[in-house]
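Protein chains in written order, with this note's numbering: chain A, 1 to 339; chain B, 1 to 241.
Honestly, the hints are just simulated from the structure, not real lab data.
Think of the CB as a built atom: it goes at the ideal place given N, C-alpha and C, for glycine as much as any other residue.
Hints may be right or wrong, so weigh each one.
[What the hints assert, rightly or not] In silico SDA-like pairs for lysine to any residue, Cα to Cα no more than 25 Å straight-line: (1) Lys-83/B - Lys-313/A; (2) Lys-83/B - Thr-236/A; (3) Lys-313/A - Asp-2/A.
[Stated by the list, open to error] Computed list of chain B residues with no C-beta within reach of chain A, every gap over 12 Å: (4) Gln-60; (5) Leu-178; (6) Ala-209; (7) Gly-214.
[Claimed, not checked] Footprint (simulated), chain A over chain B, 3 or more residues, beta carbon under 8 Å: (8) 63-76; (9) 101-112; (10) 151-157.
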Amino acid sequence: MDSTIGLILVQDGVINGAIYALLALSLVLVFTVTRVIFIPQGEFVAYGALTYAALDNGQLPGSVWLLCGLGVAAALAGLWRRQVSARLLALTLALPALVLAVAIWAAPRRLGVAFDAALTLAIVAPMAPYLYRIGFQPLAEASVLVLLIAAVGVHLAMVGLGLVFFGPEGWRATALPAPSLALGDLPVPGQALWIVGLAIALMLALFAFFELTLFGRALRATAVNRLGARLVGIGTAQSGLIAFAIAGAIGALSGILIAPLTTVYYDSGFLVGLKGFTAAIIGGMAAYPPAVLAALAVGLLESFASFWASAFKEVIVFTAIIPVLLWRSLRHGPAEEEE
Amino acid sequence: MLEVANLSVAYGGIGAVHDVSFRVAPGRIVTIIGPNGAGKSTLLNAIMGVLPGRGTVRFQGTDLGARPIEDRVRAGMSLVPEKRELFGTMTVQDNLRLGGFRLRGQPDAPSLDTIYALFPRLAERSRQRAGTLSGGERQMLAMGRALMARPSLLMLDEPSLGLAPRIVQDIFATIARLRETGTAILLVEQNARAALRIADEGHVLEMGAITLSGDSAALEADGRIVEMYLGQGRSKEALLS
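So that you can see chain A by itself, here it is in the shape it has in the complex:
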């Protein structure tokens, strides 16, 4: 291996690592706020990529129908729990209807990548809070294990629904417009700049949200002390919805970013999400900066593993978790069951 190949591998690793970092951040966010291990995170990546690719090809993405269906189901769930408000109906019925109308009008017109990306976010991201209302809100006080099983159920359902609404064939999108650069001998594709740039911008935005806004503080407070948060009037459901909405948006955005790099199938999301999960675990599912660093490490490990032993690259990446878990359990002792 010469230095050029090494640099290319590093570049690949950083690009993938940036995506894993975004996913790891949203996994940590969702877990600390709601105690849900958000297994379906990867599906949001696949949905984002496939929706964006469909729009890019001038077609109406099937996911827009799924959005409407989930919206109606979320409204019915609210009706069932007798928590109907004008706001709920606007968010679960009017919003999907509006997105559907815009999508039907805009899809054949090919209004450009920026519009497609925005519309993709509008189609995919709201699905996460709908899923929260349907599946997780009734279980808000359940144990982590019950929530995990529910998350696995949602993941399996979403993979199946992905097959229904996107079909079995893979899609690829055109890259976001950007000039390629050359760092010495190393060509840097424009898409790589987009990914790393947007990942950094999003992390800074999340940091500002958590540190500077009342709702950001409310999410942190819920993560630190759930009862304390409820006692100052921060509703479990409210913070859960915000956390899920952020996770859905991050997943969809990650999908938009990888769609031009690789062919995405309806079930491609799981492995991507699992690598984000690996990074989140290394970060202890609690802290953001270690999760980001771990995600970069996972990206680099994956890219070098695929060069030296490509048949084993997934094995190598997921095996990396074992020494970390051993080290954590030796250092911290057995995990405490939550109160």
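Please arrange chain B on chain A, whose structure you already have, making use of the hints.
Same frame as chain A, but now just chain B:
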């Protein structure tokens, strides 16, 4: 303001509450005293919706039923729990800001300065993490956080617990001053004497049931109270002087 009628809480045997009824009026301090494990905290938690209970809890005329905690906060109830439940990794000022979550965006929401005026120690510690505070400061922060929501009913669970007598005096003086603003206060205490001194009326809770109720002055003078909570075998005069 607050009406509790036939409230029962089944809670794993110990600390259960049976058929408790009482009222708290605006601008009054009502205290519930009783020994450890009598169900005092359980009672407060049930009123706040932290624990499920049977019976009725009415607040400002509305039956709260099984409404969640955050709805009760929105209605104007605040609980300072026994364990304080602060946001330990966040700063003192962030804890206070979150206390005002209920009144977010409202122009007349209390500012941090009103709380700092009440508890100057918190102003000195404003950028410190809540987890690094001393016991007394934690209690002040928990009260300050509850007051940021400008509650019409403030419920305090053992505010004197683990605090030095000087600090207990300060905290109780603050509670007495709050009454002047028309806030209704429900005070649960093991420190019966300190509680009865500032309260208007009191109830004695034993084994989950109210066994004695009355004016705090009358309770303070009651022989049974003196015997049970203010020390046995010693003269009344010595204890209540």
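Okay, the hints, checked on the actual structure:
no. : hint                 : verdict
1   : Lys-83/B - Lys-313/A : violated, 49 Å
2   : Lys-83/B - Thr-236/A : holds, 20 Å
3   : Lys-313/A - Asp-2/A  : holds, 20 Å
4   : Gln-60               : holds, 16 Å
5   : Leu-178              : holds, 18 Å
6   : Ala-209              : holds, 27 Å
7   : Gly-214              : holds, 31 Å
8   : 63-76                : holds (count 5)
9   : 101-112              : holds (count 3)
10  : 151-157              : violated (count 0)
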